[in-house]
Each structure stands twice: as structure tokens, then as C-alpha cells.
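Enquirer: This is what each chain is made of:
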Amino acid sequence: MAGNEKKGRPFLEIFSLALQEDYRFPILEIFAFLYAFGTFILAYSFFQTSMGTMSEQTAYLMTTTLMGLPLDIFIILIFKNIAYGIGNDLEKATIQTLFSYPLKRASILTAKLLSAILIALLVFFGTQITALYLLAPDIVSGYLSVVLLSYITNLGYALFLTGLLLLLTLKTRRGGLSVVFGLILVFAISIIQGVVSVIEIFGGTSWPNQVLAVINPAIALGRYYASSAVSIMGGSTLWVPTFNEVLMYISGCYVVTAVLFLISYVYFSRRLNL
Amino acid sequence: MSRQATLVGRIGTVLISVGLALLLVSLIPSGQQGYPSSGEQYLAASNFNYAGYFLYLNPQRGIHVNMTTDRELQVYVFGNNSMYVMDWIYSHLPDSHNFTFVADTFMLDALLGNNTNLIKYQTNVTGQAEFDYTPSEVEEATLIFANYGSEPAQYKYEVTIVSTIAPVAKLQITAAITIPIGLVLAAPWIIGKTREKRQSTTKKNS
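Sequence lines, in order, name chains P and L. Oh and the first sequence: position 82 is 82 in the numbering used here, straight run, nothing missing. Oh and the second sequence: position 11 is 11 in the numbering used here, straight run, nothing missing.
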């Protein structure tokens, strides 16, 4: 018991230091404002085009519309905290100070990640739940499972990017460079998604999209809910996964993300020559 | 400053910023969407009529109705589409082969009596009148005009879709709750911070 308390204090100390670093006043407040403002502004585009009927598709569309911009803001905040925060600690060797604490390296990284991701997630979900409650309580209560699945799916991609960026940051050990890499990564994946869609429409081959759906299961979920609208371009039907396949893609994404975090932990604990 | 005070203070400042965002969104004025739909109709005594087009409404998408009539009319916003109204009337006629009563107000009363939960709004209109209706949830709606009088009526109406960014009242109530709570939580932290700054500047000056 006493041992646990002793271990807990340095952990909290590092967690608190990371919080102070990641969310200096008024960074958290600005991001909270952007989350809330972005959510309601995007909600407008959904509610002005939505048809009167409620369905799983409506619930899916509403949830993805509402979280669109806030999810991008969430990714930016995470990038700032990980690439700039942890990256700068490694670059300026301030991480050495943290290594002097009686804690395993893995615990130090956990404290840093908790600060970087958990608080951003809390504010993200806080504003999203408020928005859902204010804008469409009937859709949320009627299709709670669809709403939750949409969040889990879209968050999977954000966490995959986070894992990849963490690994890049640990490898490059430079804050600025990691931010640049992270931005290039996001844009590159967006461009690849566009190219892959074109290949599918004109080439008739859907496997590149299926591969991409492993890292971004939102593609699979989107296709599943928009199955009636994917017959385009002269009647050629695009790839539409079954619900079980969608669940497999989501699980796949989380497994890949977990592997990325695991590699980062191993690298931080054993291979980081500091 | 203790960690607890900082934590509570920062929760307060976050609540204030979220409240301010909601307040800002609620201040964005509502606007007319598309072109107004209008109609001019003759309505026989003890008859009803409905606007045939579909109205897709939600808490951010309401209607503004402007109408004039030479007789007293009862206007309803019915919470389903006009196809439902038509199907219900035709399937509940006293004689399925006799369509004399399809526009009779007693059929309307039967429809409304069996679907009281779908009467979303009703008003009595004489002369010129305007009213607004915004639902609290996503719904399809139909405007129904009923002439319960013994004289035929002539009426004109114009329906405009009015859209807002978000349900203004709900946003303002939420902002009115979160901002004061945020202020109460943040006040000790802000005061403490200000004192710390003052003390450090006094030390520097001395």
C-alpha cells in the first residue's frame, strides 16, 4: 500500500508537469471554444439538409457531421502535445530530468500520454455530448449504438495517427520536425484516400480502399451506411462491407494502433539512448 | 497556488469558454432558406385542405407562415407528411367507394382524434395572421387548413423555411448555466494568479 503511494506520487508529479506544459493558459480554453463552436457550426450543415425521417443513416450522418471539425481540432491538439511537447522534451533533453524520478520509463511515457490525449479527449467528448443533447436528443436516444459506433470508428483513425506520430517523434527526437511529419502524414493519407476512390470508380478495383479502411475504418462504416448511394458512374457498384466486416475493420484499426503504441513504449523504454 | 485550486480554476475557465462559444453561436441570426411556398385556395364550408408539399423540419429548421383569410379558419401543423394524411383519410372513409367525404371536417376530426400526438401546433386565424413553428425534434410536417364555419372561405398563405444555426433558447440557457458556474469555479484561481503577479512585480520593483 505504502509502496503504491510512493510510486503514485512521482507519477502524479510528472502528470501534473505534463499538464502544465501541454495546456498552458489559455491553450485548453481556446481549444474548448473551438470544439464547441466547430460542433455547432457544422451541425447547421446537417440539420439544413436532413430529411424528416429518423434512421440509422440519419444518426450516422449527424454524428459524423457533428464530430468532423472537432475531430480535426482534436488531432491538431494531440499533434501539438505529442510532436511539439514530447518532441521538444527529447530535443532539449529535458526528459532527462524526468528520468531522475523513481519511475520506470514506461510510466513516464504513460503520464505524458495521459496528459496529451486524455484531457483532449475529455474536452472533446464533453462538448460533443453537450451538443448531441442540445441538438438531437431524440436521435441519440433512438440510435445510441450507431452514435457510439461512429465515435469509436472515427476515434480509431485519430488514435492511429497519434500512435504513428508518437513513434515518429521518438525516432526523430525533434519537436518541429515531428509536427511537419505529422502534417505531411495527414495530408498524404487524405490524398491517398482520394486517389484510391478514383481508382475504385474508374478501375473497378476496391482492394486499395479495403486496405485503407484498416487504418481508417470510417471508410468502411461510411460505405455501410451509404450503401444505397454508392451505385454511381454508369451503374458500377462500389465496395459495400457487411456490418460484421465493418466491426472487423474497426477492430483491425485498434489492433494496429495498439501495436504502434506498444512499439513506441518498447522503443522509449529500451532503445532510446538517453 | 495549490494543484486543486488550479484544477478547479481551469475547469471553470473551460466552462466559461464553452459557454461563450454557445452564446456566440446563439447570436448568429436566423435566415430564410430557399424561396417561400405560397398558395391561394377556396375552401367550402365544413371542409379542410392541406398543403401537398413535404416539410422537413427539425429544431434548427422551422416555418414562418403568413396568411390572410376572409373567414375564420383553423390551421394545424400536423406531424407527418401529406401522404400519410391522404392515406389515413382514404383508408378510414365511411364507405370506401364513396369519396364525397374526403375533404369533410369530420374526417379531419377523426384523423386528429386518432393522432392527437401528431397535432404539433394549432391556431385560429381570421383576417391576416402570422405564426412560427419550430419542432423540438426531427419531423415531417403538413399544414392543414380547416373551415368549420357555414360559409365558404378564401385564403392565401405563404410558408417560409426559417433556419437557425442551433436552437437559440437551449444554447442560451446552457450558456447561462455554464458561464456563472465557470466564473464561480475560476474566480479563486484568477484572484490567486493576479495576487501572485502583483507580488512578483512588487518584489521586482523593490
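Be aware that one or more of the hints could be misleading.
[As the list claims (entries may be wrong)] Okay, the calculated beta carbon distance ranges per label pair:
(1) P:171 x L:31: 49 to 55 angstroms
(2) L:3 x P:263: 31 to 37 angstroms
(3) P:145 x L:173: 24 to 30 angstroms
(4) P:187 x L:53: 42 to 48 angstroms
Worth flagging that the hints you see were computed from the coordinates, not collected in a lab. Every residue gets a Cβ at the ideal spot worked out from N, C-alpha and C, and that includes glycine.
Enquirer: Hints first: check each against the structure and report whether it holds.
Expert: The hints, checked one at a time:
For residue 171 of chain P and residue 31 of chain L, the Cβ-Cβ distance of about 51 angstroms falls inside the hinted range of 49 to 55 angstroms, so the restraint holds. Residue 3 of chain L and residue 263 of chain P have their C-beta atoms about 33 angstroms apart, which keeps the hinted 31 to 37 angstroms range intact. At about 29 angstroms, the CB distance of residue 145 of chain P to residue 173 of chain L agrees with the hint of 24 to 30 angstroms. Restraint check, residue 187 of chain P to residue 53 of chain L: a C-beta distance of roughly 44 angstroms satisfies the suggested window 42 to 48 angstroms.
The structure is consistent with each of the numbered hints, conforming to all of them.
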